[in-house]
Structure formats: structure tokens, C-alpha cells
Amino acid sequence: NSHFRHIILENNENKPVTNSRDTQEVPMEKGKEMLSIFRSFRHKTSIIDDFAFYDKRQKEMEDAKTSGKKKSGADDEPEFVTPPREANKRKQQEESSQSTKASKSKGRD
407 NSHFRHIILE
417 NNENKPVTNS
427 RDTQEVPMEK
437 GKEMLSIFRS
447 FRHKTSIIDD
457 FAFYDKRQKE
467 MEDAKTSGKK
477 KSGADDEPEF
487 VTPPREANKR
497 KQQEESSQST
507 KASKSKGRD
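Counted from 1, the sequence shown has number 437 at position 31 by the working numbering; the numbering is strictly sequential.
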């Protein structure tokens, strides 16, 4: 996360805290700084927004497995499907990009 990259951990080869692994020790002051960022961050979405999507997908996969409806030649790995929140984010980015291009072309006319 870009909000944490400036926090450098001396006990992890002077790498940003975002390059740390699970169970990485974080010094008290650096940890307090991270908690302050968490507390003040204004989120636009939440993983909770996607729970219904993933619950439905898991049920469909379990139903398909129990009923034996498996595609011929399909792997055991589930097919990747973009969650609604990510799909909406990409759509907004595309629309923003298109409107920026349109604005630039109007300026040339």
C-alpha cells in the first residue's frame, strides 16, 4: 500500500514495511505510525462489499463438485472471476481515461 511505503524497517534490511512477511517484527514507533494511518484512512470500499459475491461463488463451486458437473479437461483450480468491486473500479478507470482523451481532443480542435 502506497500509504505505508515510507515506513522503513531497519531490522528488515531497510526495506519498506510493505515488503515484510507475516510475523515480521515492527518496532513500537513504526507500529504506532502504521496504526495512525489505519485509523485516519478514509476508505471508499471494503472487503465486506464482496462477501456476497464470494459466498455465491463458493456455493456454486461446491454444488458443481457434489453434482459431478465438472468441465472436461478442467483443472481443480477455480476459474478466476473479477469481484464486483474490482470490476467497477476498472470500469471507472476506463471511463475516466476516455473522458480525459475526449477533453484533450476537444482542446486540439
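Hints are computed from structural coordinates only; laboratory data are not their basis. One or more of the hints may lead you astray.
[As the list claims (entries may be wrong)] BS3-like mimics (lysine-lysine), calculated; alpha carbons at most 25 Å apart, straight line:
(1) 450 - 438
(2) 462 - 450
(3) 421 - 438
(4) 495 - 450
Evaluated hints:
With a C-alpha separation of about 23 Å, the suggested pair residue 450 and residue 438 falls inside the 25 Å cut-off, and the hint holds. A distance of roughly 23 Å separates the Cα atoms of residue 462 and residue 450; the hinted pair therefore holds under the 25 Å criterion. A threshold of 25 Å between alpha carbons decides the hint, and for residue 421 with residue 438 the separation of about 18 Å falls inside it, so the pair holds. Annotation: proposed proximity of residue 495 to residue 450 holds, straight-line Cα distance about 11 Å (limit 25 Å).
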